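Asker: As they're listed, the protein sequences go chains D and U. Using the numbering used here, read the first sequence as starting at 11 and increasing by one per residue. Using the numbering used here, read the second sequence as starting at 7 and increasing by one per residue.
Since the hints were made in silico from the structure, they are not lab data. Just so you know, these numbers come straight off a predicted model, no measurement behind them. Some hints could be false.
Straight-line distance between alpha carbons at most 25 Å, and here's what the computed SDA-like set of lysine to any residue pairs gives [said to hold, decoys possible]: (1) LYS132(D) / VAL192(U); (2) LYS58(D) / VAL33(D); (3) LYS132(D) / GLU108(D); (4) LYS132(D) / ARG79(D); (5) LYS132(D) / ALA188(U); (6) LYS132(D) / ARG195(U); (7) LYS132(D) / VAL115(U); (8) LYS132(D) / ARG169(U); (9) LYS132(D) / ILE113(D); (10) LYS58(D) / ARG79(D); (11) LYS58(D) / VAL47(D); (12) LYS58(D) / PRO34(D); (13) LYS132(D) / LEU191(U); (14) LYS132(D) / VAL119(D); (15) LYS132(D) / ASN56(U); (16) LYS132(D) / VAL62(U); (17) LYS132(D) / ALA184(U); (18) LYS132(D) / VAL65(U); (19) LYS132(D) / ASP116(U); (20) LYS58(D) / PHE90(D); (21) LYS132(D) / LEU107(U); (22) LYS132(D) / ASN93(U); (23) LYS132(D) / ALA190(U); (24) LYS132(D) / PHE83(D).
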Amino acid sequence: MFLDDYFRQYGLVAIFCVVAVAVPVSMMLMSWGMSRVGLRPRAPSAVKAETYECGMEAIGGKWNLFNFRYYMFAILFVIFDVEVIFLYPWATKFLSLELFALIEMAVFVGILLIGWAYAWRKRDLEWG
Amino acid sequence: MLFQDVVFWLLTVVAVGSALGVVLIRDLFRAALLLVAVFVAVGGYFVLLNAEFLAVVQVLIYAGAISVLIIFAVMLTRDVQQGNPPNRLQIPAVALAALLLAALVTVAVDTQWSFLPEGERQSVELVQTAAVSDISPETLEQAGAAGESAAQGVGLADLLIGRFVLPFEAVSVLLLAALIGALALVRPRPAPQDARASGAESASESAGAGAAGSEAD
């Protein structure tokens, strides 16, 4: 039972996770280690401590109230995210399914597209 | 077996540590991000339990959608930089959490994990790895879809577009209703008539309010 095929295919995911953690951690460790050895100069200034945002000067504090209209997009995302759950088993069996399955999924997606058209029609997707 | 144990304990450290962070950290936004870490770790548990489909659902719905909603709610809240101040509900919350924990532990101890009855074992199979593409004939029979068992493997998709096609389409109608209802609730109200007449400046503040007003007719 050691490392059967099922877990072996998740080895890639495990490697990915290890690399994703190791790269930023090793960067910070290297920076810290260099400063210990004396290779990294240490000259802090006010400009260096500023928040960097695309070369623009950052205005305001860390928190500003976000436009409420973002929430519309969040709701649309959540609904269509749930739709993906139903697309997933259908997609894994797509080649062996018949035309009926394609039509059924078209109806399924079509009904949800009504919601998208509704949001579009009601100008929820525009910035007032 | 060793490999799975190592992964399990790693996931447990991440899940429990992040869950403690969610409760203890005062910065609400960081707490929300740690909640995402908890969701992803639980997805890892599902993978360990051979429940791949549930893992996909967990990552897509919880780590994707639910966390987006929570983070948006945090970002749209005023005075959120005050963090997570202690309040009067602390003692009731502790009592409620203790009750929930007691219920969960009772169920976990009371369940005969190694000797699930035959029927329940098969319904467990529906969420496991093979269910996406292959479901055993016994499980199909139990799900009331015995006729579907063809020579090739029958998966969730075959059930969705076969026996359960009507509920499947009803789900899309339900999602549509949820979408339209949520949008209708969230949409900014049109400005009241008298307010619009008195202050023209406030009307120019948001053209969307005027557009919404014309649609309300």
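Asker: Taking the hints in turn, state whether each one holds.
Answerer: Evaluation of the provided hints:
1. LYS132(D) / VAL192(U): 12 Å, holds
2. LYS58(D) / VAL33(D): 23 Å, holds
3. LYS132(D) / GLU108(D): Roughly 37 Å separates the two Cα atoms, so the pair is violated.
4. LYS132(D) / ARG79(D): 13 Å, holds
5. LYS132(D) / ALA188(U): Cα-Cα ~13 Å, so holds.
6. LYS132(D) / ARG195(U): Given pair LYS132(D), ARG195(U) holds - Cα atoms ~13 Å apart, limit 25 Å.
7. LYS132(D) / VAL115(U): 52 Å, violated
8. LYS132(D) / ARG169(U): 36 Å, violated
9. LYS132(D) / ILE113(D): Violated, at roughly 28 Å.
10. LYS58(D) / ARG79(D): 34 Å, violated
11. LYS58(D) / VAL47(D): With a Cα-Cα distance of about 22 Å, the restraint between LYS58(D) and VAL47(D) holds, given a limit of 25 Å.
12. LYS58(D) / PRO34(D): Since the Cα atoms of LYS58(D) and PRO34(D) sit roughly 20 Å apart, the hinted pair holds (cutoff 25 Å).
13. LYS132(D) / LEU191(U): 13 Å, holds
14. LYS132(D) / VAL119(D): Judged against 25 Å, a Cα distance of about 20 Å means the pair holds.
15. LYS132(D) / ASN56(U): Judged against 25 Å, a Cα distance of about 44 Å means the pair is violated.
16. LYS132(D) / VAL62(U): Violated. LYS132(D) to VAL62(U) sits at ~33 Å, over the 25 Å cutoff.
17. LYS132(D) / ALA184(U): Measuring from Cα to Cα gives roughly 16 Å; hence the hint holds.
18. LYS132(D) / VAL65(U): Given that 25 Å is the threshold and the Cα spacing comes to 31 Å, the pair is violated.
19. LYS132(D) / ASP116(U): 52 Å, violated
20. LYS58(D) / PHE90(D): Cα-Cα ~42 Å, so violated.
21. LYS132(D) / LEU107(U): 45 Å, violated
22. LYS132(D) / ASN93(U): 40 Å, violated
23. LYS132(D) / ALA190(U): This hinted pair holds, its Cα atoms lying about 9 Å apart.
24. LYS132(D) / PHE83(D): 13 Å, holds
Figure legend: structure checked against the earlier numbered hints; hints not met, in rising order: 3, 7, 8, 9, 10, 15, 16, 18, 19, 20, 21, 22.
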